[in-house]
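**Student:** As a plain string of letters, each chain reads:
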Amino acid sequence: MIGIVNYNIGNLASVINAFTKLGINAQIQSDPEKIGQYDKLLLPGVGAFGDAMEHLKSNGMDKAILEFANSGKPLLGICLGMQLLFECSEEFGSHKGLGLIDGTVVKFDEAKFDHPLKVPHMGWNEMFVQRDTPIFDELPKDFYLYFVHSYHVVCDDKYAIGKTHYGYEFVSAVQFENIYGIQPHPEKSHDNGLKILTNFAKL
Amino acid sequence: MDYFAKRIIPCLDVDNGRVVKGINFVGLRDAGDPVEVASRYNEEGADEITFLDIGASHEGRGTIVDIVKQVAREVFIPLTVGGGIRELNDIYALLNVGCDKVSINSAAIKRPAFIEEGAKRFGSQCMVVAIDAKRVGESKWHIFTHGGRNDTGIDAVNWAKEAYDRGAGELLVTSMDADGTKAGFDNELNAAISMAVGIPLIASGGAGTMEHIRDAFAIGHADAALAASIFHFKEIEINDLKEYLRKENIPVRSK
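Chains as they are written, first to last, in the numbering used here: chain A, -10 to 192; chain B, 6 to 260.
Only chain A is shown next, with the shape it has when bound in the complex (with noise of 0.2 Å):
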């Protein structure tokens, strides 16, 4: 059984449809005294980095996050779900993350940009595979996913599973031993998210 967390911000409804699509076991869970009990565990997120952490600490949230991880189960943030498995992040201020992985969240550097795009990081664009991992079995080399961002993350390239081009080159997956992270929307991303939602299920 899959448990999504649920930690007020924002709707679940199409995770837990992806996964009822799919005839995945998932639950919704809002009481960190049962995150234990699930094999895996899933991270959601839209909205703020900084508000997400208050809402994850403010019930202990994120202390059973931490334990799951630790307890070597599968664990995958999603979005922002993916941004706060990491060290910290500059959004509206600098905030502390969970601390999973090393490494920190930026907004998108326009300075940077090989040429004139809009930020938010919004629509269809291409994961390119870094190296193999199970989370993106039987999927291309490359494949499209859509994204909905402003801020992405830095890390060391040994984490990095996926990578995407948009005006630079940057970090759009990551997997650290059991703990895993996405940048895009598997569940809004047709046939290519609906795959690696069943490959997570499966490890």
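For the record, the hints were derived by calculation from the structure and aren't laboratory data.
From a predicted model like this one, the values you see are computed outputs, not experimental measurements.
Each residue gets a CB set at the ideal place from its N, CA and C atoms; glycine is no exception.
One or more of the hints may lead you astray.
[Claimed, not checked] Pair by pair, the computed Cβ-Cβ distance ranges are:
| # | chain 1 | residue 1 | chain 2 | residue 2 | range |
| --- | --- | --- | --- | --- | --- |
| 1 | A | Lys96 | B | Ser44 | 36 to 44 Å |
| 2 | B | Gly22 | A | Lys96 | 40 to 48 Å |
| 3 | B | Glu48 | A | Asn48 | 39 to 47 Å |
| 4 | B | Glu48 | A | Asp121 | 47 to 55 Å |
| 5 | A | Glu127 | B | His226 | 32 to 40 Å |
| 6 | B | Arg116 | A | Asp121 | 47 to 55 Å |
| 7 | A | Met(-10) | B | Asn155 | 49 to 57 Å |
| 8 | A | Gln26 | B | Gly153 | 56 to 64 Å |
| 9 | A | Lys23 | B | Asn254 | 24 to 32 Å |
Place chain B on chain A using the hints.
**Tutor:** Same frame as chain A, now just chain B:
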């Protein structure tokens, strides 16, 4: 190399729970069933789907929510709803069942702060401001309401900038001159607005050929193109359109 895809968005007019305006798909059991029609577009490579609630009476709000709820269980691409959205609660009800964005039009003109309120509560990414513009002079357009009959006197480019400043995440720009003509988009209007704001522009109104859609991107600086009848009546198939755009060096999503 740019891989970031220009988006193709079919628009479905719905009234009282049914897709209206005939949909000419072979093999559809029920051309009025929103789930069936949306699923078909999803399979054909649509990048998003927009529902325009043309009934949009206040009593009918429940129906569009129900439609989105059903579609979101089957179709995993971004879904937008426009028509009759006047309050934050209307937006909440839609997002809560799997809708990704709402398109607001007259409610924003009547009370521009509505854009800010929606962006603050739900995020800019789900606030699309729809602008119905009509040419009133050389490189000059006004916002029109009531299907293009009523001139508000508001300059379209200025209104676009204001919507952007107030937190709109995207603009859906319909040329009331081009709409229904199938003679091409108003690329001058779209370029003027697109260059004036830092958010994506969805071009609407006037699509008749694949070349028109190419020009919306290449000349009109649009980030997405929305059309209804050319897709519904199979004058253009989305797969063929994407193949054509790819040959014209316009990046589009492949499967």
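**Student:** If you check each hint against the structure, which ones fail?
**Tutor:** 4 and 9
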